[in-house]
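*Asks:* If you want the building blocks of each chain, they are given just below.
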Amino acid sequence: EPEVTQTPSHQVTQMGQEVILRCVPISNHLYFYWYRQILGQKVEFLVSFYNNEISEKSEIFDDQFSVERPDGSNFTLKIRSTKLEDSAMYFCASKRGVSNQPQHFGDGTRLSIL
Amino acid sequence: GENVGLHLPTLSVQEGDNSIINCAYSNSASDYFIWYKQESGKGPQFIIDIRSNMDKRQGQRVTVLLNKTVKHLSLQIAATQPGDSAVYFCAEISFGNEKLTFGTGTRLTIIP
Chain G
1 EPEVTQTPSH QVTQMGQEVI LRCVPISNHL YFYWYRQILG QKVEFLVSFY NNEISEKSEI
61 FDDQFSVERP DGSNFTLKIR STKLEDSAMY FCASKRGVSN QPQHFGDGTR LSIL
Chain V
1 GENVGLHLPT LSVQEGDNSI INCAYSNSAS DYFIWYKQES GKGPQFIIDI RSNMDKRQGQ
61 RVTVLLNKTV KHLSLQIAAT QPGDSAVYFC AEISFGNEKL TFGTGTRLTI IP
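Sequence lines, in order, name chains G and V.
Mapping the first sequence onto this note's numbering, position 6 (from 1) lands on 6, and the numbers just tick up by one.
Mapping the second sequence onto this note's numbering, position 51 (from 1) lands on 51, and the numbers just tick up by one.
Simulated from the structure, these hints should not be mistaken for laboratory data.
None of the values given here were measured: they were computed from a predicted structure.
Incorrect hints may have been included.
To be verified - Below, simulated DSSO-like cross-link-like pairs (lysine-lysine); rule was C-alpha separation at most 30 Å, straight line:
1) Lys71(V) to Lys42(G)
2) Lys56(V) to Lys78(G)
3) Lys68(V) to Lys99(V)
4) Lys78(G) to Lys68(V)
5) Lys71(V) to Lys83(G)
6) Lys57(G) to Lys99(V)
7) Lys42(G) to Lys68(V)
8) Lys83(G) to Lys42(V)
9) Lys71(V) to Lys78(G)
10) Lys83(G) to Lys99(V)
11) Lys42(G) to Lys99(V)
12) Lys42(V) to Lys78(G)
13) Lys68(V) to Lys83(G)
14) Lys56(V) to Lys83(G)
Claimed, not checked - Now the stretches of chain V that chain G is said to cover, found in silico as 3 or more residues with beta-carbon under 8 Å:
15) 30-37
16) 61-72
17) 96-105
Glycine residues also receive a C-beta, built at the ideal position from the N, C-alpha and C atoms.
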């Protein structure tokens, strides 16, 4: 069964450094998402992306964050200058079409900011 | 923040018994609901979904019930197995939006 894949599984970065989290969504999906989950807390929406642009974003997704689909298969989340509070699991998700359909999640990247 | 150290509701069920996990939502505009299962170190895994024009939907060993009057959703798992042990989240989305809003989650433990 096709699945969303994320790399790396664990990323350790010094505070203030830039980090790029990578995702390969399911191949025939058109809608892409990033969520995060701080340890012990709920999964929180960050951003949705469709047709090469951001369609919706949360207040967490400030100017330090950006997303990109650099080619036909990858979807990336960049954090420009990481802060300690960016430490979390980051999940990528994708969905096939516009109607009510489930978003399918990858297994996440654990981001640890030192 | 208010969610720091969020305490998950827990449910322990004997293997082979049925379990019911409940979820309350607050947004009257929510029209699509999903149950996800999250095992340790993994991402949310889709289990079953339901649209707001339905009140019940069945899958393999799972049933979702939706009561829009009281904004309540439940997940029933029949004949539980050890592999059902996980955290279960309900998630909701409203028409025209892309953002999934997740509930707190319930930790289900199956006792062998």
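*Asks:* Each hint should be assessed against the structure and marked as holding or not.
*Replies:* Hints and how they fare:
1. A C-alpha spacing of about 19 Å is found between lysine 71(V) and lysine 42(G), which places the hinted pair at or below 30 Å, so the restraint holds.
2. Restraint check for lysine 56(V) and lysine 78(G): the C-alpha separation of about 40 Å exceeds 30 Å, so the hint is violated.
3. With a C-alpha separation of about 20 Å, the suggested pairing of lysine 68(V) with lysine 99(V) holds against the 30 Å cut-off.
4. The hinted pair formed by lysine 78(G) and lysine 68(V) fails the criterion: a straight-line CA distance of about 39 Å is larger than 30 Å.
5. For a cut-off of 30 Å, the pair hint linking lysine 71(V) to lysine 83(G) is broken: about 37 Å separates their Cα positions.
6. For the proposed pair lysine 57(G) and lysine 99(V), the alpha carbon gap of about 8 Å is at most 30 Å, so the pair holds.
7. Taken as a hint, the lysine 42(G) and lysine 68(V) pair is honoured in the structure, with Cα atoms around 23 Å apart against an allowance of 30 Å.
8. A threshold of 30 Å between alpha carbons decides the hint, and for lysine 83(G) with lysine 42(V) the separation of about 24 Å falls inside it, so the pair holds.
9. Restraint check for lysine 71(V) and lysine 78(G): not satisfied, since their Cα atoms lie roughly 37 Å apart, outside the 30 Å limit.
10. Between lysine 83(G) and lysine 99(V) the alpha-carbon distance is near 24 Å, which keeps this suggested pair within the 30 Å criterion.
11. Restraint check for lysine 42(G) and lysine 99(V): the C-alpha separation of about 14 Å stays at or below 30 Å, so the hint holds.
12. Only pairs whose Cα atoms come within 30 Å are accepted, and lysine 42(V) paired with lysine 78(G) is accepted, the gap being roughly 21 Å.
13. Pair hint lysine 68(V) plus lysine 83(G) does not hold up; C-alpha atoms about 41 Å apart against a cutoff of 30 Å.
14. For the hint pairing lysine 56(V) with lysine 83(G), the CA-to-CA distance comes to about 44 Å; that exceeds 30 Å, so the pair is violated.
15. Taking a C-beta to C-beta cut-off of 8 Å, the segment 30-37 of chain V contributes 4 residues in contact with chain G, enough for the three needed, and the coverage statement holds.
16. By the rule of at least three residues with a Cβ nearer than 8 Å to a Cβ of chain G, the coverage given for the segment 61-72 of chain V is violated, with 0 such residues.
17. For a cut-off of 8 Å, the count of residues in the segment 96-105 of chain V with a CB near a CB of chain G stands at 9, and the three-residue condition holds.
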